[in-house]
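Now for the letters of each chain:
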Amino acid sequence: MLKKRIIPCLDIQNGRTVKGINFIGIKDAGDPIELAKKYVCQGADELVFLDITATIEKRATLHALVSEISKEIDLPFTVGGGINSIEDAAKVIAAGADKIAINSSAIKRPELITEIAARFGSQCVVLAIDTKYVDGEWQVFINGGRTPTKLKTIDWAKTAVGLGAGEILLTSMNNDGTKKGFALDIVNTVSEAINIPVIASGGAGSMEDFKVLFNTTKATAGLAASIFHYGEIPIPELKSYLKTNQIPVRCK
Amino acid sequence: MIAILKYNAGNIKSVENALLRLGYDCVVTDDKTTLLEADKVIFPGVGEAKSAMRYLKNKGLDQVILNLKQPVLGICLGLQLMCSESEEGNTRCLGIFKNKVLRFEETDLVPHMGWNNINRFKGELFEGIESDADTYFVHSYYAELSEDTAAICEYIVPFSASLEKKNFYATQFHPEKSAGIGQKILKNFLEL
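First to last, the sequence lines map onto chains H and R.
Residues 339 to 590, numbered by this note's numbering, are exactly what the first sequence covers, in order.
Residues 81 to 272, numbered by this note's numbering, are exactly what the second sequence covers, in order.
Simulated from the structure, these hints should not be mistaken for lab results.
Hints are supplied without guarantee of correctness; some may be wrong.
Said to hold, decoys possible - Taking lysine-lysine and the DSBU-like style, the derived pairs with C-alpha atoms no more than 35 Å apart in a straight line are:
(1) H/K446 to H/K517
(2) H/K375 to R/K139
(3) R/K264 to H/K429
(4) H/K409 to R/K246
(5) H/K581 to R/K202
(6) R/K202 to H/K429
(7) R/K202 to H/K375
When you get a sec, could you build the whole thing from the sequences and use the hints?
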């Protein structure tokens, strides 16, 4: 049986892991390679690295880091942040990334999804959506959550599938950093409407939050950052808790 | 020396890194002599069947692969190209294994992506691997079951997670991305 995936996310700034709350208030959370290795040992199923500074001058640093991660890690990993063109994607893939996450750049130029999918396959394209509940509906925000697009999240998700996205990484800005649980309503809406995997992100604060996510939505993966970085929820404990609750997970 | 076949399909870097972690030197090459003389050949790949087969034929690499006498390991698209034909672009493949490669019916999410358990092992690749070990898959097409099936996985339908015939071995899953289990399977291949 296909297992539900537990995915730690490492936000990277200037080569360090950092974590913000509600997309602001950044603090240091350690060396990404060391953290990544720790997660491999703990039985994480995949890793996501998002470069949140990602200015053009810093690109070389990111490529070096991706290359280092690929040398050290035998898990699938996704890299995102500042990937604006097929050339950017190709460089990160050449450095060893398995998948590319794109967000603002796909809103600005949706063909980017198709271009990456055509060259590297849909399985390579993770569309990251930052979503916020405003004016009675879930809308898409870009530029690290700073810019509204007025696009409805469900519409954008469907469009992206049509363009060739292989997976949706759905982050609720309302829930992110709150530790009050995932945004089940929008995760449910999106995962019911499309036929590609949805990774739910934002709000995980307890093991029960993951159980509820997998029991009440079609999400195939749960992503979190700080609760894993600071050891509040050790991954092995989370996995055995989920297993006890009849949720299929990979146990080492 | 281990040779990794270089062609127009991705995912070569991670295979290379996995071999380095296991302490093996390798060369990524499409040079016929180097391939024929290597101790082992790995035929990796993430990509599309039709363009990959066309590329192999244009370079004469299809004949090279068929003539390899040393242990060969196909991974993912590598496995599929070693079968007889693929529904992906209605492609005639290498025909090492008689299996057909079909597209998953979309009664569940396609691609089959993530960790899934494999069992009913046959052969040396799976020595020391416990039944129902989880390995990492990413694919929309699958090889049917046949007498060459060396491990079975089930997603939508039961399919060949691994194939084996003479000196040809293949896995649909990615051993290079399957943490400790994958490392053990790669090690078994390298020690053949």
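For each hint, the structure was consulted:
1. H/K446 to H/K517: The given pair, whose Cα atoms are some 31 Å apart, holds under the 35 Å limit.
2. H/K375 to R/K139: Judged against 35 Å, a Cα distance of about 39 Å means the pair is violated.
3. R/K264 to H/K429: holds, 30 Å
4. H/K409 to R/K246: Holds, because 32 Å separates the two Cα atoms, which is no more than 35 Å.
5. H/K581 to R/K202: holds, 28 Å
6. R/K202 to H/K429: violated, 39 Å
7. R/K202 to H/K375: holds, 32 Å
Taken one by one, the earlier hints fail for this structure at numbers 2 and 6, listed in ascending order.
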